[in-house]
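Number of protein chains: 2
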Amino acid sequence: MTKQKGITASKDNDFSEWYTQVIQKADLIEYTDVSGCYILKPRAYAIWEKLQEFFNKELKKRNIKNAYFPLLIPEHLLMKEKEHVKGFSPEVAWVTHSGDTKLAERLAVRPTSETIMYDAYAKWIRSHNDLPLKLNQWCNVVRWEFKNPVPFLRSREFLWQEGHTVFATKKEAEIEVYDILSVYKRIFEELYAVPVIEGTKSVKEKFAGADFTTSVETFLPSGKAIQGATSHHLGQNFSKAFDITFLDKDSNKQYAWQNSWGITTRSIGIMIMMHSDDKGLVLPPRVAPTQIVIVPIVFEDSKKNVLNKVKEIAKQLKSLNVEIDDRDNYSPGWKFNEWEMKGIPIRIEIGPKDVSKNQAVLVRRDTGEEKIVKISEIKTIAPKMLDDIQKNLFNKAKKFMDSNIVEVENFKDFVKAIKDKKMVKAQWCNNPVCEEKIKDKMGGAKSLNIPFVQLKISGKCVCCDEKAKVVALFAKSY
Amino acid sequence: MTKQKGITASKDNDFSEWYTQVIQKADLIEYTDVSGCYILKPRAYAIWEKLQEFFNKELKKRNIKNAYFPLLIPEHLLMKEKEHVKGFSPEVAWVTHSGDTKLAERLAVRPTSETIMYDAYAKWIRSHNDLPLKLNQWCNVVRWEFKNPVPFLRSREFLWQEGHTVFATKKEAEIEVYDILSVYKRIFEELYAVPVIEGTKSVKEKFAGADFTTSVETFLPSGKAIQGATSHHLGQNFSKAFDITFLDKDSNKQYAWQNSWGITTRSIGIMIMMHSDDKGLVLPPRVAPTQIVIVPIVFEDSKKNVLNKVKEIAKQLKSLNVEIDDRDNYSPGWKFNEWEMKGIPIRIEIGPKDVSKNQAVLVRRDTGEEKIVKISEIKTIAPKMLDDIQKNLFNKAKKFMDSNIVEVENFKDFVKAIKDKKMVKAQWCNNPVCEEKIKDKMGGAKSLNIPFVQLKISGKCVCCDEKAKVVALFAKSY
Chain A
1 MTKQKGITAS KDNDFSEWYT QVIQKADLIE YTDVSGCYIL KPRAYAIWEK
51 LQEFFNKELK KRNIKNAYFP LLIPEHLLMK EKEHVKGFSP EVAWVTHSGD
101 TKLAERLAVR PTSETIMYDA YAKWIRSHND LPLKLNQWCN VVRWEFKNPV
151 PFLRSREFLW QEGHTVFATK KEAEIEVYDI LSVYKRIFEE LYAVPVIEGT
201 KSVKEKFAGA DFTTSVETFL PSGKAIQGAT SHHLGQNFSK AFDITFLDKD
251 SNKQYAWQNS WGITTRSIGI MIMMHSDDKG LVLPPRVAPT QIVIVPIVFE
301 DSKKNVLNKV KEIAKQLKSL NVEIDDRDNY SPGWKFNEWE MKGIPIRIEI
351 GPKDVSKNQA VLVRRDTGEE KIVKISEIKT IAPKMLDDIQ KNLFNKAKKF
401 MDSNIVEVEN FKDFVKAIKD KKMVKAQWCN NPVCEEKIKD KMGGAKSLNI
451 PFVQLKISGK CVCCDEKAKV VALFAKSY
Chain B
1001 MTKQKGITAS KDNDFSEWYT QVIQKADLIE YTDVSGCYIL KPRAYAIWEK
1051 LQEFFNKELK KRNIKNAYFP LLIPEHLLMK EKEHVKGFSP EVAWVTHSGD
1101 TKLAERLAVR PTSETIMYDA YAKWIRSHND LPLKLNQWCN VVRWEFKNPV
1151 PFLRSREFLW QEGHTVFATK KEAEIEVYDI LSVYKRIFEE LYAVPVIEGT
1201 KSVKEKFAGA DFTTSVETFL PSGKAIQGAT SHHLGQNFSK AFDITFLDKD
1251 SNKQYAWQNS WGITTRSIGI MIMMHSDDKG LVLPPRVAPT QIVIVPIVFE
1301 DSKKNVLNKV KEIAKQLKSL NVEIDDRDNY SPGWKFNEWE MKGIPIRIEI
1351 GPKDVSKNQA VLVRRDTGEE KIVKISEIKT IAPKMLDDIQ KNLFNKAKKF
1401 MDSNIVEVEN FKDFVKAIKD KKMVKAQWCN NPVCEEKIKD KMGGAKSLNI
1451 PFVQLKISGK CVCCDEKAKV VALFAKSY
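The listed protein sequences derive, respectively, from chains A and B. Everything in the first sequence is counted per the working numbering, starting at 1 for the first residue and increasing by one. Everything in the second sequence is counted per the working numbering, starting at 1001 for the first residue and increasing by one.
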């Protein structure tokens, strides 16, 4: 029997090593020879598929269609919108050769698809009847960053969806920006059980080429904040660069109004960091590929009886995702540890004594709580327990996040709170110069967003002497 | 009102121009600035999603899991299996720079993922308990071919699934090769209504690095054959190159047995070419994103009545994919042409006279046949009509394919049949030298496969004087 290799690092004491162990030992990630490029193993990819299923339904309700645009973008297209190219060109992976032949023009591996999509949009849109145009694509993108890569959170290739929509009016576009952001909030809160704060990005932190960017942000047990997903209003910046125009009802030529929005595999990392513990992964039931694992405790003489009962239980639970672990070559204790490490929300243990009493033991991954349940009642108790786990994880995370938000009124307290690894809420002038100053003075702390739900704005900016214009969130972040 | 732009080329007289028009006018494809890279518009991508849904269910039944491996493969990995690299390196797109920085090692944009996957497999597989290992991934691949690109059929980037499985024994692996090929056959025949012939590829035509390759092949109205999908047995070629070994039950080290198999977006092009006609696209109901379109014929005084009836019909058909075209700015005739061009299987027309008689007109896209149906009966007649269309398309295509297969007994007849654009069945020595000769003498005609269902083998090879070993299919092909 292979010796069990549990998580040896502690989340509190060595977060980074702990995370590295969890994602590998829970069978989510494999490292490769290329720094920053990771293999998403089946247990990780299945989580992404749950997100896709949820989001595709929301897209359908909104009549947004899936499409697929080319991976490789000719250099001249990428260069068309000035702010955009400035934001992305330092991290573009360039294809220069095919076989032994040098290409006439370099091709960018897409870091995002605005430029290739909008080149086509300009051809497709002629009249107000062609609007709105609402497309989404699920794909891989490459951003060759030089910051320290972290699996899921910052990888050089990642998977995402990118929505790109075009409207006749600014108003329609703006309504959609917030609508999509609310879907992202639901993904985090309802699927991942991760609380997030919706808000608007500062001018410095907005998307390269956007008029404004909205985001959902959260705060992780590592003491760092993180951006969960973004929804951008592009205004007419790209429509002017790509000549996306339409004839309105009075036959006047107008530039279109555009949005883009995306959520990535980063979201999986956020969920892992938020909930998991020193035993390994903790998965919210709604995204767990396996929600319940049944582990029979067998001895030679009672094996058949126990295994029959296991089948009976599994049959009762067939509307849930259930796995049976009846492997002979591992002990029950070894299996318990393994399934805890892999984050299965409920473990059902059943041995010969349980069979004789017509019962089984249900063990919750989130609390470790054990509950003896009559077999006939498992089918009603297990789904409720899954709901409970989902809620408990969210509530715990919400309490954690809220308790780490500190409101400050002066710069000294600001500095202290950042040093204490808090998420700081402060009155702010909303000036990029001031934000630059904060970043310099506080070891990279930056504004996360300006929450939609605003406190009363009163008094001065926490950093300069100007009058405060907004209340913003600041923290060190990924 | 925009003037309707129908298909102006004929399938019989100018197949290539006809196809180019159909895929664009049916809103499936947009060309881009990069030769060989195309945009899959929503109506095309939706067909791919139907295939994914079908295939994912089959994967699940077989306990094959989805995963995701990196896009970029370091050069040294790609070089590990000699036959494989010979097959792919001339068409590899190379990433050489990130931003302004030259990379230390070139990275190949994956042309296929054997090498990056098997590098990981070597780490994961230790014992016979780790086998079988069965993974699949849905992704994009790039092969920078210099042959004339054709949307769907031969594009430089395409979407596919690639399955990569590892077994302890050759026998298990071989069983799977044929099992997966039978799923591909079902995709073509049951979803796409395209008949295919299963067989084994010749030594010359097999996958670079495989022991043997199986394929499904069909014959298109352009007079050319085409490969639909392939399932390969890799033997121990890659396990030896990548050191994928396991300890068997007696603790002996063994090299594993491997398969890989894939189906691509090419399959969509095959379906389009097979069924479509001079009015535009013809879609089999099982893959049609919209199965029925309802076109109300409205006059100002009766508009409300007619539109109410349309809603009533749509409600009855809610288990099907139904679209209502109640646009004011196009005439019914314009709409009829448009939906025919886009291949919607059934069109329902309803005007005030129909409403007064409580009826509607159902028009089949495949035959053009019109049927007057009582409104109360639409919900039973429409699904049956869709089934009929699906069957009719398959039967028509099967008859077409079968009638284009010619059995020949000597080289003279062989040459004539190829010249007549037929699919030729011939006794063959199965020698690569002989196949090379055929290719040279017959303007690129090559062996398609050696069908599993074999005729009696008797006499000499159709090309040389050796004894025939197999009956093979030959044709000019894409």
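There's no promise every hint is true.
[Said to hold, decoys possible] Calculated pairs, BS3-like style, for lysine-lysine (alpha carbon to alpha carbon, straight line, at most 27 Å):
1) K1315(B) to K1065(B)
2) K1441(B) to K60(A)
3) K1061(B) to K50(A)
4) K1412(B) to K134(A)
5) K134(A) to K1123(B)
6) K134(A) to K1060(B)
7) K82(A) to K224(A)
8) K1446(B) to K1204(B)
9) K1240(B) to K134(A)
10) K147(A) to K1065(B)
11) K60(A) to K1123(B)
12) K1011(B) to K1204(B)
13) K123(A) to K1005(B)
14) K1025(B) to K65(A)
15) K391(A) to K439(A)
16) K1441(B) to K1412(B)
17) K456(A) to K416(A)
18) K335(A) to K1185(B)
19) K1249(B) to K1279(B)
20) K1102(B) to K102(A)
21) K1335(B) to K1025(B)
22) K82(A) to K25(A)
23) K65(A) to K1134(B)
24) K1412(B) to K102(A)
25) K1065(B) to K25(A)
26) K5(A) to K1057(B)
27) K1011(B) to K315(A)
28) K1057(B) to K65(A)
29) K61(A) to K1204(B)
30) K335(A) to K50(A)
31) K61(A) to K1446(B)
32) K102(A) to K134(A)
33) K1050(B) to K61(A)
34) K25(A) to K1102(B)
35) K1240(B) to K60(A)
36) K134(A) to K1025(B)
37) K60(A) to K1315(B)
38) K224(A) to K60(A)
39) K318(A) to K1050(B)
It should be emphasised that the hints constitute simulated quantities derived from the structure, not laboratory data.
Hint check:
{"no.": "1", "hint": "K1315(B) to K1065(B)", "result": "38 Å, violated"}
{"no.": "2", "hint": "K1441(B) to K60(A)", "result": "54 Å, violated"}
{"no.": "3", "hint": "K1061(B) to K50(A)", "result": "18 Å, holds"}
{"no.": "4", "hint": "K1412(B) to K134(A)", "result": "57 Å, violated"}
{"no.": "5", "hint": "K134(A) to K1123(B)", "result": "43 Å, violated"}
{"no.": "6", "hint": "K134(A) to K1060(B)", "result": "32 Å, violated"}
{"no.": "7", "hint": "K82(A) to K224(A)", "result": "32 Å, violated"}
{"no.": "8", "hint": "K1446(B) to K1204(B)", "result": "10 Å, holds"}
{"no.": "9", "hint": "K1240(B) to K134(A)", "result": "49 Å, violated"}
{"no.": "10", "hint": "K147(A) to K1065(B)", "result": "32 Å, violated"}
{"no.": "11", "hint": "K60(A) to K1123(B)", "result": "41 Å, violated"}
{"no.": "12", "hint": "K1011(B) to K1204(B)", "result": "32 Å, violated"}
{"no.": "13", "hint": "K123(A) to K1005(B)", "result": "16 Å, holds"}
{"no.": "14", "hint": "K1025(B) to K65(A)", "result": "18 Å, holds"}
{"no.": "15", "hint": "K391(A) to K439(A)", "result": "36 Å, violated"}
{"no.": "16", "hint": "K1441(B) to K1412(B)", "result": "12 Å, holds"}
{"no.": "17", "hint": "K456(A) to K416(A)", "result": "23 Å, holds"}
{"no.": "18", "hint": "K335(A) to K1185(B)", "result": "40 Å, violated"}
{"no.": "19", "hint": "K1249(B) to K1279(B)", "result": "63 Å, violated"}
{"no.": "20", "hint": "K1102(B) to K102(A)", "result": "15 Å, holds"}
{"no.": "21", "hint": "K1335(B) to K1025(B)", "result": "14 Å, holds"}
{"no.": "22", "hint": "K82(A) to K25(A)", "result": "44 Å, violated"}
{"no.": "23", "hint": "K65(A) to K1134(B)", "result": "32 Å, violated"}
{"no.": "24", "hint": "K1412(B) to K102(A)", "result": "45 Å, violated"}
{"no.": "25", "hint": "K1065(B) to K25(A)", "result": "18 Å, holds"}
{"no.": "26", "hint": "K5(A) to K1057(B)", "result": "34 Å, violated"}
{"no.": "27", "hint": "K1011(B) to K315(A)", "result": "55 Å, violated"}
{"no.": "28", "hint": "K1057(B) to K65(A)", "result": "23 Å, holds"}
{"no.": "29", "hint": "K61(A) to K1204(B)", "result": "50 Å, violated"}
{"no.": "30", "hint": "K335(A) to K50(A)", "result": "26 Å, holds"}
{"no.": "31", "hint": "K61(A) to K1446(B)", "result": "49 Å, violated"}
{"no.": "32", "hint": "K102(A) to K134(A)", "result": "37 Å, violated"}
{"no.": "33", "hint": "K1050(B) to K61(A)", "result": "18 Å, holds"}
{"no.": "34", "hint": "K25(A) to K1102(B)", "result": "35 Å, violated"}
{"no.": "35", "hint": "K1240(B) to K60(A)", "result": "47 Å, violated"}
{"no.": "36", "hint": "K134(A) to K1025(B)", "result": "19 Å, holds"}
{"no.": "37", "hint": "K60(A) to K1315(B)", "result": "18 Å, holds"}
{"no.": "38", "hint": "K224(A) to K60(A)", "result": "35 Å, violated"}
{"no.": "39", "hint": "K318(A) to K1050(B)", "result": "25 Å, holds"}
Hint compliance for this structure: hints 1, 2, 4, 5, 6, 7, 9, 10, 11, 12, 15, 18, 19, 22, 23, 24, 26, 27, 29, 31, 32, 34, 35 and 38 are not met, and every other hint is.
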